[in-house]
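Participant: Each of the two chains sits in its own frame; use the hints to bring them together as a complex.
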Amino acid sequence: MTFEQVKEILTDRCGLPSAPVTPDAPLASAGVDSMALVMLSLHLEDRFGVEISEDQLSTATCVDDMAKLISRYAVSR
Amino acid sequence: MTDTPCAPDRGRGAAAVLTGLGAWLPPRRVPNSELCNRIDSSDQWIRERIGIAERRFAEPHVATGDMAVEAGARAMASAGIGAVDALVLASNTPDRPCPATAPWVAHRLGLPAVAAFDVMAGCSGFVYACTVAAGLIASGTARRVLVIGAETMTALVNPLDRATAPIFGDGAGAAVLEAGAPHAEGALGPVVWGSDGSLSDAISVPAGGARGRHRRNRTAPEEHFVHMSGNEVFRHAVRRMTAAARHAAAEAGWVLGDVDRLIAHQANQRITATVADLLEIPAARVPSNIEQVGNTAAASVPLLLAHAADQGELKPGHRVLLVAFGSGLAWAATTLVWPAGLSARLS
Chain A
1 MTFEQVKEIL TDRCGLPSAP VTPDAPLASA GVDSMALVML SLHLEDRFGV EISEDQLSTA
61 TCVDDMAKLI SRYAVSR
Chain B
1 MTDTPCAPDR GRGAAAVLTG LGAWLPPRRV PNSELCNRID SSDQWIRERI GIAERRFAEP
61 HVATGDMAVE AGARAMASAG IGAVDALVLA SNTPDRPCPA TAPWVAHRLG LPAVAAFDVM
121 AGCSGFVYAC TVAAGLIASG TARRVLVIGA ETMTALVNPL DRATAPIFGD GAGAAVLEAG
181 APHAEGALGP VVWGSDGSLS DAISVPAGGA RGRHRRNRTA PEEHFVHMSG NEVFRHAVRR
241 MTAAARHAAA EAGWVLGDVD RLIAHQANQR ITATVADLLE IPAARVPSNI EQVGNTAAAS
301 VPLLLAHAAD QGELKPGHRV LLVAFGSGLA WAATTLVWPA GLSARLS
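In order, the protein sequence lines correspond to chains A and B.
Under the UniProt record's numbering, think of the first position of the first sequence as 1, with each following residue one higher.
Under the UniProt record's numbering, think of the first position of the second sequence as 1, with each following residue one higher.
Bound-form chain B, shown alone (with noise of 0.2 Å):
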């Protein structure tokens, strides 16, 4: 086990204030009859087993880098700034092996110079990316930081793959930190994180790393897609997300029923349902934009944190708690009071 608390708020520093929101969707809608044909199955299945009815798809001209660039742009646009100190990107998918793609995206937003780089955590990645962030604000090394989840995971996903083809769809949404006092509202709470790589198995592309390169001429085309072993993966995020909030919350002097909002990676509805079914915490409580979206990976918490506060459902003054799981395996669950006079930015 090993859920570590990082605790960015006691008395080492300025905490990490969120200022700024912003997401960004590819337009292009992919409704379940859709892909259906391929993988013989059926919207009712995957709206009853998985909790999807669409998901976006990033056009082909379309990759990672750019979907960061506006959500970034659109989160930047919302904390009504125009630079930062840093810029952390979390994705699984980014533009190429080599270089990182967070450079790139702080070029293209006007951020000459800015230290920029991407962290790999799986759908856990934004949520590790936030806490890379009150690192550096209360290390004072930076004082405003731009940390942007962002994917196009249809660049890992083999469309004929029943287990994964229905589940994961594109998108980026993105957060500006700020440095602040560490009880103010908005201010990340103690993060609870840990990571089980005798598990890295359960979630994973075997082809294109360091690992295979010796046998890069007989790799068969599937093993460039993601691989996922579901049962395990369900048990393993039911159990370590559960523990982490459970943990967060604690660090953080709450109490579950204290807990106006969960906000869960959106792996799988039925994830979610039983992760806030075991914390006690009631399907009003628990926003939800997988129908919609489906799971984006390290997009996810930041695109629902996008969506649910621009429709009205994260209102100041509500104790939200964060939890994320995924490939690595990797878990990360924090918690803030969300601010007064944010406004999230989808377009």
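Chain A on its own, in the form it takes in the complex (with noise of 0.2 Å):
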């Protein structure tokens, strides 16, 4: 999953402001709360099949980093 996916869950479906989510972003500072992990967690499972939970997105450095999670976990499956 690239950056870019990430970032259009995270603000057209999580309803997070755009600006702030940077592929460098650390999750804190892109906005991202736990709220809008358990959103995305469900977004991901839902929409794409992949079960990855909150607790491991939250493991991600930065925004980008979440992107490269997701993806290993969607290979993984």
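Derived by calculation from the structure, the hints in this document are not laboratory data.
Do not take every clue at face value.
Chain B side only, calculated, beta carbon under 10 Å to chain A, not exhaustive [unchecked claim]: (1) Asn217; (2) Phe225; (3) Gly230; (4) Arg235; (5) Asn268; (6) Arg270; (7) Ile271; (8) Ala273; (9) Thr274.
For clarity, every value in this text was computed on a predicted model and none was experimentally measured.
All C-beta atoms in this analysis are idealised placements derived from N, C-alpha and C, irrespective of residue type, glycine included.
Facilitator: This is the structure:
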């Protein structure tokens, strides 16, 4: 999954403001709070069949890192 | 998984038809700015993260029963009736631990000797109470039932708790259900409901019940307030509401694209938006009043129905999908086709 795809979910589906969601932004700086992680997890499971919990997503250091993490889960499923 | 369909319209008697709607809100508006200092939050954060701008607080002398009387009277006026066979009050904040509040409400409404009882099913309470009323009607036990959802959430909310203080508000909504034909407009469709008691601690008031009776003198004041595990609740709310709504629509013979309006318990705007998104119901078909009234628990669904009807967002013939979720955990969903000639009474 690309950074652009993750950003689209975070902004269009999770309602986060777009500007702070940059590839290098740490999750907190990007506005990705715990509820956004839950929403992202639910969307990934419902729309892409990727099961990754909010706790697992929260280990990412930045948004781009989170996109790579999701990609690894998508490949391994 | 305990999504159990309950189908009151499958030939076992009359259907419960919505014929009246009423609502009442305490006049005191409490904007975010009034809460922010004591919970270290901001108006912007509460608006963006919860979707609430203000909520209503009942004055100290006003309790759940008083608000239920106001909403109930308006619902009966909306239906053009002066009597019912039963009154069911959904609430998590009864006036007292004992007795039930409903008989007092019936007394105050001038409904002497009517069957009246409380239902506690968290924020799903109103849909649960409607399901009970539909059962009473289907069995022939009652032909006309007043169902009220009323809450004094300020009785349970710790004003210093950042996790709950911005969310909840007080208010009441009510509906009249009357016996009618199963496929009449306004008839409640099959109900999908369920519970998961393994998560009873996710939203709870630890003290004040029978379980803590031996340590009554040692409970901390905070134990008498509602506690909520936000993320856990959020995840389960979205999953359960989405599944129950899908199931209820299917039981009614609808595809989700048929749904004209989704009436979802107003827990948090992000929950509602996520549920609607997963159901692929466009935002324009999802009325909301959480910005103005907050989360009013069991009063939420009837308040939203009344407000949406009053604002013309619910039109005759609309296919309406109701869904709720809350403490218990408990959830419920059902359907109805919006009836013509129903005018909600808000004053």
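Participant: Could you run down the list of hints and mark each one as holding or not?
Facilitator: Against the structure, the hints:
| no. | hint | in the structure |
| --- | --- | --- |
| 1 | Asn217 | 36 Å, violated |
| 2 | Phe225 | 21 Å, violated |
| 3 | Gly230 | 7 Å, holds |
| 4 | Arg235 | 5 Å, holds |
| 5 | Asn268 | 8 Å, holds |
| 6 | Arg270 | 6 Å, holds |
| 7 | Ile271 | 9 Å, holds |
| 8 | Ala273 | 6 Å, holds |
| 9 | Thr274 | 5 Å, holds |
Taken one by one, the earlier hints fail for this structure at numbers 1, 2, listed in ascending order.
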